[in-house]
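**Student:** Here is how the chains run, residue by residue.
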Amino acid sequence: MTTQDVPLWAALPATLLLIASGLFAFVGSLGLLRLPNFQARMHGPSMGTTMGTGCLLFASMLVASSLARRPVFHELLITLFVVMSSPVTAMMLMHAAVYRDKDRLRDQIDSAPSNRP
Amino acid sequence: MNILLHYAVWFALFCFSMAMVFSVIRLLRGPAAQDRILALDTFYINGMLTLLTLGIRSTSQAYFDIALMIALFGFIGSMSLAKFLLRGEVIEP
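Chains B and P, in that order, give the protein sequences.
Here the first sequence is numbered in my numbering, starting from 1 and rising by one per residue.
Here the second sequence is numbered in my numbering, starting from 118 and rising by one per residue.
Extracted from the complex, chain P is given alone in its bound form:
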């Protein structure tokens, strides 16, 4: 039965890495700046999911903290990029 969990972890890791490859292709190819920001958003979410899957595999709690930090800083990054596209500057006087 635990061989099931083992193969499921590998399947999920393969899916997340393919999703990261797709978002990198969109990041490099995206016609407009908002496409690139959306691809960056997808990229950090998939990286966070990869780290959580590695945390399931090694049953370690350290991966959880890294995933929480990635979620926090990724949100701040894509939020400030979207704000820059919308207003022309990030922090307005």
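With the rest of the complex left out, here is chain B:
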């Protein structure tokens, strides 16, 4: 069985979902590369993670269901796991970044000329 056997009603939405997923992941990683500081860089890859993974797994479910001629749902496991785990990682990383930048930020605030007594 190859992708030649996929019927049109599944191939067309799967094509659109694949293109959307690739663009989401590409733009997210471009944001990771180009944005100026860490707090801004947190935002890009989370879009690629959630939307890219969601679109790609939906396309995979469509193709697998149309080839097996029955509903195939086990891709939802990965979606569920990624959607549950990526906010936890983002929150821990942000927490660590705030903790590590605390001393530097306090030095900057103390040495700013407008705050001198």
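Any given hint might turn out to be false.
[As the list claims (entries may be wrong)] Below, a sample of chain B positions facing chain P; criterion: calculated Cβ distance under 8 Å:
| hint | residue |
| --- | --- |
| 1 | 14 |
| 2 | 19 |
| 3 | 30 |
| 4 | 36 |
| 5 | 39 |
| 6 | 41 |
| 7 | 57 |
| 8 | 67 |
| 9 | 76 |
| 10 | 80 |
| 11 | 82 |
| 12 | 88 |
| 13 | 112 |
[Claimed, not checked] Pairwise CB distance ranges (calculated):
| hint | chain 1 | residue 1 | chain 2 | residue 2 | range |
| --- | --- | --- | --- | --- | --- |
| 14 | B | 70 | P | 119 | 35 to 41 Å |
| 15 | P | 175 | B | 107 | 52 to 58 Å |
| 16 | B | 39 | P | 205 | 19 to 25 Å |
| 17 | P | 138 | B | 101 | 26 to 32 Å |
Hints were generated in silico from the structure; no laboratory data involved.
All values derive from a computational prediction rather than experimental measurement.
Just so you know, even glycine gets a beta-carbon here, dropped at the ideal spot from N, CA and C.
Go by the hints and put chain P onto chain B.
**Tutor:** Leaving out everything else, chain P in the frame of chain B:
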């Protein structure tokens, strides 16, 4: 019509590999340790998406299991690295 799916798979593979290249550049260049951990997180997610796209192309179920394992171990890895940055050790007594 299936030529459409074929080209879409190649386009998605190109996008994911470019995203992996971008995250490797950030991993090597990142000014702080948290930037590198975020780049590693993006890298494993894009690798997982690449494997799922290869699974769509070859209509094989083996790629799905590999992608699930990559998601599990990547989450554990970046979680323990973030915990190390936050607390100084991974498993506290």
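**Student:** All hints, please: hold or fail.
**Tutor:** So, going through the hints one by one against the coordinates:
This hint holds: residue 14(B) has a C-beta 6 Å from the nearest C-beta of chain P, less than the 8 Å allowed. Proximity of residue 19(B) to chain P holds as hinted, the smallest CB-CB distance being about 6 Å (cut-off 8 Å). Against a cut-off of 8 Å between C-beta atoms, the interface hint on residue 30(B) holds, since the closest Cβ of chain P lies about 6 Å away. A distance limit of 8 Å between C-beta atoms decides the matter here; for residue 36(B) the minimum to chain P is near 11 Å, and the interface restraint is violated.
For residue 39(B), the shortest C-beta to C-beta distance to chain P is roughly 10 Å, which exceeds 8 Å, and the interface hint is violated. Hint status for residue 41(B) relative to chain P: holds, with the closest Cβ pair at about 6 Å, below 8 Å. Hint status for residue 57(B) relative to chain P: holds, with the closest Cβ pair at about 7 Å, below 8 Å. Look at residue 67(B): its Cβ gets to within about 6 Å of chain P, closer than 8 Å, so that hint holds up.
Taking 8 Å as the C-beta contact cut-off toward chain P, the hint placing residue 76(B) at the interface is violated, the least distance being around 11 Å. With a cut of 8 Å, the hint placing residue 80(B) at the interface with chain P is violated, because the nearest CB-to-CB distance is about 10 Å. The restraint placing residue 82(B) at the interface with chain P holds, with a minimum CB-CB distance near 6 Å, inside the 8 Å limit. Because the beta carbon of residue 88(B) sits about 7 Å from the nearest beta carbon in chain P, less than 8 Å, this interface hint is met.
Contact between residue 112(B) and chain P, as hinted, is not supported at the beta carbon level, the nearest pair being about 22 Å apart and thus beyond 8 Å. Taking 35 to 41 Å as the suggested C-beta distance range, the pair residue 70(B) and residue 119(P) does not conform, at roughly 21 Å. Distance hint check for residue 175(P) and residue 107(B): the Cβ-Cβ separation is about 55 Å, which falls inside the suggested range of 52 to 58 Å. Separation of residue 39(B) from residue 205(P) is about 23 Å and conforms to the stated range, judged on CB atoms against 19 to 25 Å.
Checking the proposed 26 to 32 Å range against residue 138(P) and residue 101(B) shows it holds: the Cβ atoms sit about 28 Å from each other.
Consistency with the previously given hints fails for numbers 4, 5, 9, 10, 13 and 14, ordered from lowest to highest.
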